[in-house]
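Trainee: Okay, here's what each chain looks like letter by letter:
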Amino acid sequence: MESQPEQLVFDFFKEQPQIIAERNDEELKLKIGEFAGPLDLLLYLIRQEQANIFEIPIAKITDEYLRVIRLMEKLDISVAGDFLVMAATLIEIKSKMLLPREIVEENDEDADDPLKELVNRLVEYEKFKNAAQMLWEKSTVEQSIFPRGKIETDENNSEINVGVFDLLNVFQKILSRRKEEIQMEIEREEMSLSEMLSNIKLRLKQSKTFNVTEFFNHTRSKKELVLAFMAILEIVRTEAVKLLQENIFGEIILTKG
Amino acid sequence: MTEIEEKQPRSIEELITILEALIFVTDEPISAKDLANVLEEDSEFVQSAIEELAQEYQERKSGLMLREIAGGWQIATKTELHDEVRKFLKTRPSAKLSLAALETLAVIAYKQPVTVPEILEIRGVQSASAIKTLLDKKLIVNKGRKETVGKPMQYGTSKDFLIQFGLKDLTELPSIEDFEDLTSGL
Amino acid sequence: MTEIEEKQPRSIEELITILEALIFVTDEPISAKDLANVLEEDSEFVQSAIEELAQEYQERKSGLMLREIAGGWQIATKTELHDEVRKFLKTRPSAKLSLAALETLAVIAYKQPVTVPEILEIRGVQSASAIKTLLDKKLIVNKGRKETVGKPMQYGTSKDFLIQFGLKDLTELPSIEDFEDLTSGL
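Residue numbers (our numbering), protein chains in the order written: chain A, 1 to 257; chain B, 258 to 443; chain C, 444 to 629.
These are calculated hints, taken from the structure and not from any lab test. Ideal Cβ placement from N, Cα and C applies to all residues, glycine included. Don't take every hint at face value.
As the list claims (entries may be wrong) - Using C-beta positions, here's what the derived DEER-type ranges look like: (1) C/S618 - B/Q383: 48 to 54 Å; (2) B/Q383 - A/K205: 30 to 36 Å; (3) A/T209 - B/R317: 48 to 54 Å.
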């Protein structure tokens, strides 16, 4: 039952982020191998220094980090705010480390040690970075497996799960809906879409499920029906809800996902 | 990517394995000749490998068969399983018409020949995509243009519609009056 | 339509044959439970028949395999034939996700349901465009709003995610703790 992992005949090549500045036709270009974020850059610099994550040479790493940021700015590469936030954090840690130890401990009582916090974040981040690598490998394997080609029934499934009385049933419902509309259109105050939306949301809040078919049937005019329909669409798009219909002619139920 | 290493000739077993995969992934039936071209193998070698594969399919109690159709080879479900397969396909999501398509079909069935504006009038909503679906499924057909302003296209149900719904002809469509009795029995 | 004739119980051989046909015709992976429902057979009986069929596929030198993916069963080509199949279909490996998108996806896969601020906390960088990419590729889905300040939208992985990454279900993901310090020695 456990499917054996197939023997793979291709290589997984790991894309390493790298910084390459190159001069090309008097135009200085910077190729920044994609850094996924400031933590990624930081990990890269720590690797470059062949340092341990738990013993970061903070002064050196901070200088390196700032050098890269300055390089990016100089080369007109817009530096995302998140990179700058990290730069500030590093400077803060570095300056703290330069203070005599007693003063730091007196002030902070190692309550929130920013370096410790940074290390924790790096350790946590690295797990997900490795998980991302795993996903990449999995998708590569998956790309070597192919499903069957199209067969006739895929797009033209001519079988229809409907009988002739279902058809009549639907037709009758349309007719009675029309009759109601005509009766209801005599006097009405129009609702707006936002009123309709909050109306439905309120109902959803009160009970987990909401009978859409019934709600549609209770609209008082064609315009209101259209609004109700639009409101339902909007809710399905923006909220965690599901539209369920047990059988084809059955009622449509909106449920909280 | 480029293969420099010298190419080992394939054994017939290897060839059969590859052929099975290729025939499986193609959308259209594919000929032994085309397969031979792709694999850079002798056409007759490929032909005999396919025949051996077809034989294998026949011998093991498989739900599938390898068959030659329209000048090419194809994997398909065995004929004798068609009842089960059809029954199964009916339960697939794609077998279900949307409520919109169903309503549109109901209007067309009972009001044919009927134009798009007339359907809009009855259903109260646009039916363009529903009509497209129904045309795609060959449940409705064009019934020519109506001799009125704008000459709108008219639609009616098809022969496939009758087959699909098990009707001899349109007079067999139940009437609204029949309906009351029937639903009370459900 | 209705079967009046008395139903003979199916032998496991017959069941396997039918299952093979049905798994072949579905356009997406189908679970043993769904198959059991359609065939009106015991779920465990169907499960063991599928496993026997998968075994058969493995034993004969087939170009195909029967595998469990995204909570269902599917027939697909064997991994080791990817060179030939790809050459035949003239396809390339599809565009890879960016590092940012992959990281974001990893966070969502392991922390779902998870909000944008929570992803930011872990990745240390805004993930808006990565999330858009993942939504566009249908690898993630909205999982409703979190009942907290600002009611941020939560995200989780989709069925397509399982399919594209070859997972039976989310429990097949290795534990996130297994990824700790893998490269600290480098």
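Trainee: Going through the earlier hints one by one, which of them does the structure break, listed in rising order?
Mentor: none
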